[in-house]
Each structure stands twice: as structure tokens, then as C-alpha cells.
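With the hints as your guide, set chain P onto chain C.
Heads up: the sequence lines are chains C and P, in that order. So the first sequence is numbered by full-length UniProt numbering: it starts at 1 and just counts up by one. So the second sequence is numbered by full-length UniProt numbering: it starts at 1 and just counts up by one.
These are computed hints drawn from the structure, not numbers from a lab. The reader is advised that the hints may include incorrect statements.
Identical copies carry no separate label here, and so any pair may be met within one copy or between two of them.
Unchecked claim - Below, in silico cross-link-like pairs of lysine-lysine (DSSO-like), each with a Cα-Cα straight-line distance of 27 Å or less:
| id | residue 1 | residue 2 |
| --- | --- | --- |
| 1 | Lys24 | Lys110 |
| 2 | Lys63 | Lys210 |
| 3 | Lys24 | Lys288 |
| 4 | Lys127 | Lys63 |
| 5 | Lys127 | Lys142 |
| 6 | Lys343 | Lys17 |
| 7 | Lys63 | Lys24 |
| 8 | Lys110 | Lys343 |
| 9 | Lys20 | Lys288 |
| 10 | Lys63 | Lys343 |
| 11 | Lys24 | Lys127 |
| 12 | Lys17 | Lys368 |
Number of protein chains: 2
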Amino acid sequence: MALVVQKYGGSSVADAKSVKRVAKRIAEAKRAGNDVVVVVSAMGDTTDDLLDLAAQISPLPPKREMDILLTAGERISMALLAMATNNLGIKAKSFTGPQAGVLTDAAYGKARIVDVVPHRIRTTIEKGQVAIVAGFQGVNRKEDDVTTLGRGGSDTTAVALAAGLGADVCEIFTDVDGVFTADPRIVPTARKIHRVTYEEMLELAASGAKVLALRAVEYARRYGVPLHVRSSFSGAPGTLVSGTYGDLIDPNAPDGDKEEDVMEDPLISGVAHDRSEAKITVTGVPDKPGMAARIFEVVAASGANIDMIVQNVSAASTGRTDISFTLPEGSGPSALAALRDVKDEVGYENLEFDDQIGKLSLVGAGMKSHPGVSARLFGAVRDAGINIEMISTSEIRISIVTRADSLDDAVRAVHTAFGLDSADGEAVVYAGTGR
Amino acid sequence: MALVVQKYGGSSVADAKSVKRVAKRIAEAKRAGNDVVVVVSAMGDTTDDLLDLAAQISPLPPKREMDILLTAGERISMALLAMATNNLGIKAKSFTGPQAGVLTDAAYGKARIVDVVPHRIRTTIEKGQVAIVAGFQGVNRKEDDVTTLGRGGSDTTAVALAAGLGADVCEIFTDVDGVFTADPRIVPTARKIHRVTYEEMLELAASGAKVLALRAVEYARRYGVPLHVRSSFSGAPGTLVSGTYGDLIDPNAPDGDKEEDVMEDPLISGVAHDRSEAKITVTGVPDKPGMAARIFEVVAASGANIDMIVQNVSAASTGRTDISFTLPEGSGPSALAALRDVKDEVGYENLEFDDQIGKLSLVGAGMKSHPGVSARLFGAVRDAGINIEMISTSEIRISIVTRADSLDDAVRAVHTAFGLDSADGEAVVYAGTGR
Chain C
1 MALVVQKYGG SSVADAKSVK RVAKRIAEAK RAGNDVVVVV SAMGDTTDDL LDLAAQISPL
61 PPKREMDILL TAGERISMAL LAMATNNLGI KAKSFTGPQA GVLTDAAYGK ARIVDVVPHR
121 IRTTIEKGQV AIVAGFQGVN RKEDDVTTLG RGGSDTTAVA LAAGLGADVC EIFTDVDGVF
181 TADPRIVPTA RKIHRVTYEE MLELAASGAK VLALRAVEYA RRYGVPLHVR SSFSGAPGTL
241 VSGTYGDLID PNAPDGDKEE DVMEDPLISG VAHDRSEAKI TVTGVPDKPG MAARIFEVVA
301 ASGANIDMIV QNVSAASTGR TDISFTLPEG SGPSALAALR DVKDEVGYEN LEFDDQIGKL
361 SLVGAGMKSH PGVSARLFGA VRDAGINIEM ISTSEIRISI VTRADSLDDA VRAVHTAFGL
421 DSADGEAVVY AGTGR
Chain P
1 MALVVQKYGG SSVADAKSVK RVAKRIAEAK RAGNDVVVVV SAMGDTTDDL LDLAAQISPL
61 PPKREMDILL TAGERISMAL LAMATNNLGI KAKSFTGPQA GVLTDAAYGK ARIVDVVPHR
121 IRTTIEKGQV AIVAGFQGVN RKEDDVTTLG RGGSDTTAVA LAAGLGADVC EIFTDVDGVF
181 TADPRIVPTA RKIHRVTYEE MLELAASGAK VLALRAVEYA RRYGVPLHVR SSFSGAPGTL
241 VSGTYGDLID PNAPDGDKEE DVMEDPLISG VAHDRSEAKI TVTGVPDKPG MAARIFEVVA
301 ASGANIDMIV QNVSAASTGR TDISFTLPEG SGPSALAALR DVKDEVGYEN LEFDDQIGKL
361 SLVGAGMKSH PGVSARLFGA VRDAGINIEM ISTSEIRISI VTRADSLDDA VRAVHTAFGL
421 DSADGEAVVY AGTGR
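With the rest of the complex left out, here is chain C (with noise of 0.2 Å):
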């Protein structure tokens, strides 16, 4: 017998009938000997609903009402979801975060799991009932009140109840049938992943593939929790993300598909996009020791996360250089102000702002163990006609930016360069490897 958390985001229960549709999934679940924790996220539009609200009574309401206030949203679904259970003839209680003992620090719309101490969950499953637990929010330990987790919080609190329950699989539940090599709306011959390690759905996660939350699959890798990433609408067998391929295991597989979990590390797993981010280019720096440095420390200091960086070489005739680098196109405004604080400091000439480019990322494990990927990807952009702006390498993903209007081509370009496009739309395990 199993322990599995499920994870239901908001689309999934957005009215009385999907709600239903869950209680379902939930029973099939249960029926079939496993013991079942349940995560489930506010309804459909509450939360925007409920922003809404808000800010028409006040232009900067304190962070703890506002935290109050959202955590409403998921209190709700929770509710339903479990007279829906029970309406089927499986027994299920509700709990909030405060009440599932998700513990967080004090920071209200951003708070951080401190601990996470689930005394009435386990003792609800050891009655052979399903608990529903309130996704996003958790209580400040010092206070007593209630906390949001902010972007990727009902993913983060089913890993982390997975986590401190020993669960064997963490499933998020969502309203696509899992990871794909490439966003299908931009690559129609996508295929889905079948699995995946933490660490390169890391890389996807932070490159832009918006299918689980960057924050989750740190928790779930720090705790070694298998996530299974599906859908809530068809019910088909996902994507897991696991520490290797090898010790992969769907729990709902027949014994058959087991043998073939130990397999070869696939060279790519897909090719993410993200098209939100801006560049920045501080041009005519003087060629000193230390400028760069204070340069990315202004801007770290303005609360910009920076991404790639570029730096010219030195032209030895003015003895001047040009340095670029990416961040949020949210945190444009603030990094330029920032800059511009210190360029007599600094001593540079100009600064120019960009928010039409976009980023490829091609991510993979094997590709650490495999030489040519770099040069293959970089031919198919060249042979696309796009021009490659930036690149920055991890060891297991290499990123470019282009134009934001040639993005789409690049991704398709390089989706096919890498053998990726399924023919037929059937789904391959693995994808093309070295060859």
C-alpha cells in the first residue's frame, strides 16, 4: 500500500463539476489500497477575485490581511472537495495549513516552510481516511496567523507534506498531460517526458517550462520526493521527476513496466522558452579592475535576480568595454535607476534597455557526457537564419538569446535539430541521443 499526496491546482476544481471530477480521481485512488493526502489550490478565479477585492478598498493593504483574506480561496475548495469525497462513499476531512502543520516564518505573501509537523494528517490516514489540505498557505509559528507561500505554493506544500509524511510519490495534478520537450503551442510535434531527473526539470523549471514551480522541485529534490506530474482531466500516466532514471517507479504502472525503468540517461530532455526577461547593456565601461563587479552589485543591491551576462572584449584603443546582461523585465525599471545612481562612480557612457528578446534553453542530463551539443544547437539557429545574441552554459543546459520574434523559429529549429519532433504524435520514451 502506497502513500501518495495529490496535488489539484485551481483549474482543475474550477466549479462544482470538476470538483467532482477530482472526488473521483480521489476515490480511484483510495479504492485501489493506497493511502491518500490531498493538496488542493483556490478555485478557478477566487484568488483573482479576491485581489480584486482588495484593491479596491486599499491601494497597500497590510501583508498579513492580504494574506488572510487569499488563504479564504483555498478553505473553500478544500470544504467541497471533501463533501464531494465523501458524497462518494470515501470518508475525507479538511484541514487548513495551520491545521496540517505546514509552519512558516513571518514573511506574510512570501512566507518560507520552516517545519512541517502533520500530527492530524497522520492520524486521519491511519483511520483510512483521505485528508484535503488547503494548498499556498501555512501558519507564522511565532504568531498564530496565517501565511501565503506566494508563486508555486500549493506545489510547494504537497511536496513538503510528501516529504514529512514519507510519502512514496508526490502527483501534481494539472491541466496538461505533463512536462514536453517544448511548449506544445509553439512545437504542434512536442512529445510529452516521460521522466526526468530533479535536475533537469530544475533547469526547464528556472528556463522558462511554467508546469511546476522552480521552488517545489528544490524541495523535492533537498528531500528525495518523486514527483509524478499529470493530468486531472485525462487521467493518462504523466511525467515523473526523480533523482535518476533509474530508481523512477510509477506506483500505478502494472508490474510489466517495471523492467524497464533502469534505462541509458536520455541526451535532451526539451527545449523551454522564456520570453519575460530584458536585457540590459552598460556600454563604454572603463577596462578596470573591480567595475563589473560594482556594476552587478548596484543591481543586485536594486533586488533584480541577473541571468546571463555578456562582456565585449576590450577594445585596446579606447580601453573601454560593453557589458550585457539579462534580468526580469519587471525589475528593468529599478536595476536602471540604480545604474544610473552610479555613473560618475563608475564612469561608464551610456545605458541601453531591451525587452525584445527571448531565450532558448536546451536542457538534458547526457549531454555533460556527450561533446557536440553546443555546436549542433548553435547550426540549427544559424541554419534558421536567427542570430544568437547571448549564451550562457550550465552542465546540463546551454541557453541563447535571440530576437523575441525569432524565438518561436529557434525553439521549433532546435526541437527538430535534436530529434525531439514526434512523427506521429505518439510519445518516445528518449529522445535522439548523440548520433
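Frame of chain C; chain P shown alone:
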């Protein structure tokens, strides 16, 4: 400096604009030098919307889940009201029923308050801040689960907090100007009652006056909490409810007014009416000892609260009698079913059910020392050509049952007969005495 507990109902916080208006009232009370604790209901139709959702999900939802669901409404309104109050420069923090220390039994859906331990509320007001508390909810002290208090729950929360905190007054803000001598929709000349005792208010509330929940008045009487029922729209003084006429002091009144506080009891406070009852008549009951007792035993066991009872004189020729009683209309079907089950045992002849009745109640603390009140009441109803079907009395109340379609005329006739009409719409403090 007074400690004031203010309660705002759902119609007072129906939308963002109303929430802001309530925040202004709170700010005024605070700036006037009071310590302020606020109890708030769910916004407008929120609770009905949640009930609708639940009905779409399950025909018989677990009561625990229903309570968690419904309490979301007050969490939303309390957080929004705290935001709006902070926005006016008054520090305010919101608290759920559990956080406010409202401890209840485990009767989900209709929990009784067993204790109030408002440590956090006290700390908040000691810091000079306003505490805003979700009404209608508490915590099952054995399970740490949220409960709802049922009908009149928010009024009761306010009174219980006022008692627990030793507040000087509990102000019940509502969408009418106070308690009236009759329902102004039926009697346009009805006047606002300035002062009324707990006993009279209890009789009025039990007789159909909807402005205050009976339960909250009982609680206020038990703990001696002065109530002030007033409009959240006009801000004018409303109706004070307290132990005796003498000890009623309006904390907002100028000092000069207090000289008049000790006054003679008025004869009549008002005329209440109630259309929500039905009458069951059991005909041909054998005139043997214990038969009436058995009938009421059976009806009580069916869950019905019996109100008025009339037993006809037994006809000597038959040795049988008719017994009529009134009960809430909704309890009719189960009471009838219970009576049918004992037809052979009791040996009655027939059952009659009549939901076309109306009840008029005349309430006044002064009537116990003034003879002739009943005679004047019956005379007024007779002169209006209306038949009286049943009569019951307490020390300070006389109730009669009429046909439902004669009730409004009866209310107007009695209101006039006791000199309660306000000729020019001007409020007069005390009704005419026994002259």
C-alpha cells in the same frame, strides 16, 4: 474611555463601498477616544453563494466541512474591513473566531459558545489598535476545528466578546434605525423605541421581531451587556437594550441627557408579528388523563418547538376534546408524521394542519402592573372585525392568533389602540400609559 464592541451585519458590508463606510464609523469611534472591537458578518450574499456551491456538490455534506466552508465568508469581510480601516490611518488587525478565543462545543452548524478567552483581542486593544473579529464562528475546543454558531451567530459573537472583555456597550449596527413599536412596512406610523429592557426585547424577538437574534439578547441579559441597536447608514442613536430603564446610559449621549435616564416604565414597548407558524389541531382526543401529555411528548420528540396551546372544553356527551397548538411551519410535516404513528395509541379522531395563521404579540414591561391591557387589546381586534383564534400570555406579553390575511389589520389596530402611533413621524420616547 469606553470599550465599545461594534457588530456589522452582512448588508452593512455588502460591497467595497460599504466596507469603506463601515471603516469610517470604526475610525470615528476610535478617534472619539474609545477602545474598539468590531465583529463582522460575511459580505452580502457570500454565505448564500457558498450554500449554493455546497448544494451543487453534495445533498448531505458533512457538517464539519459545511462549517469550514461557511466561515470563509467572514474571513473575507474581516480582512477587507481591516484593510479599509488601516487605510484611514487607524491600525487594525483581523482575527478569526478561533484566534479571538471563541470556544464552542462540537455541535457543527449550531455550536454553543462555552467560553471566550480573548487574549489576542485584549493585547490588540492594549496596543491602541482596533481588533476586527469574524462573527458567526468559533473553535470546537476539543478538536481544534472551526464551528459555526448558527442563526444569530454574529450578534452572539459580539455579545459574547463584549461580555468576555467587560465592554461598556455592544453596538449592533444594522440596516434599520433600531427596534420599532411595530414593523414600519406594516405600520407606517411606527416609532423607534429608544429604550427597552432585556425581558421586553426577548419577548419581542421571540414573537417575530427580527432586528436582534433572541439568542444574543439572552446572552446579553445573562452577562448584563448593554446593547445598542442602530443603523450603519444613518449613524443616529438607535434602541438601547439593558436591564432596567434606569440603568440605560447612552455612552454617546451628551451629559445633559443622562438626567432623564431614570423614568417610569412605559406600559407597552411594541407590537410584534409572526407569519412563520402553523397550527395543528388534533380532534376527538379521548378525555383521559395523560393523553394531552402524550401528544406533546410525541411532537417534541419530532424536533418541533411548540408555541401556543389551546384545549377545548370536553363535550360531556362524547367524552372527547380537541387540542390545537402552534409550531414553526417547517416543523409541521415531521410533527404530523409523528402524530400519525401514535393514532391508535392515543385514539384521536383526526389531524388538521393550518398554515394560514398569523400571530400578534403585544409586549411591555409595564403591563404586569396595569390591569385592562388584555381587554383593550381584544376590544381593538374585535372593533377591527377580526376573529381571535388562540390566546397566550406571559407576564409582559399577550399573544393572539388570527387568520394570516387579517394579521396586518390587527397589528395596525392594536398599535393605534395603545397610542403607539407617531402622528408626525417624530419619535416619542415612551408610549402612552394606562390612561
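(message) Taking the earlier hints as the rules, which of them does this structure contradict?
(response) The structure conflicts with hints 1, 3, 6, 8, 9, 10 and 12, although it agrees with all the remaining ones.
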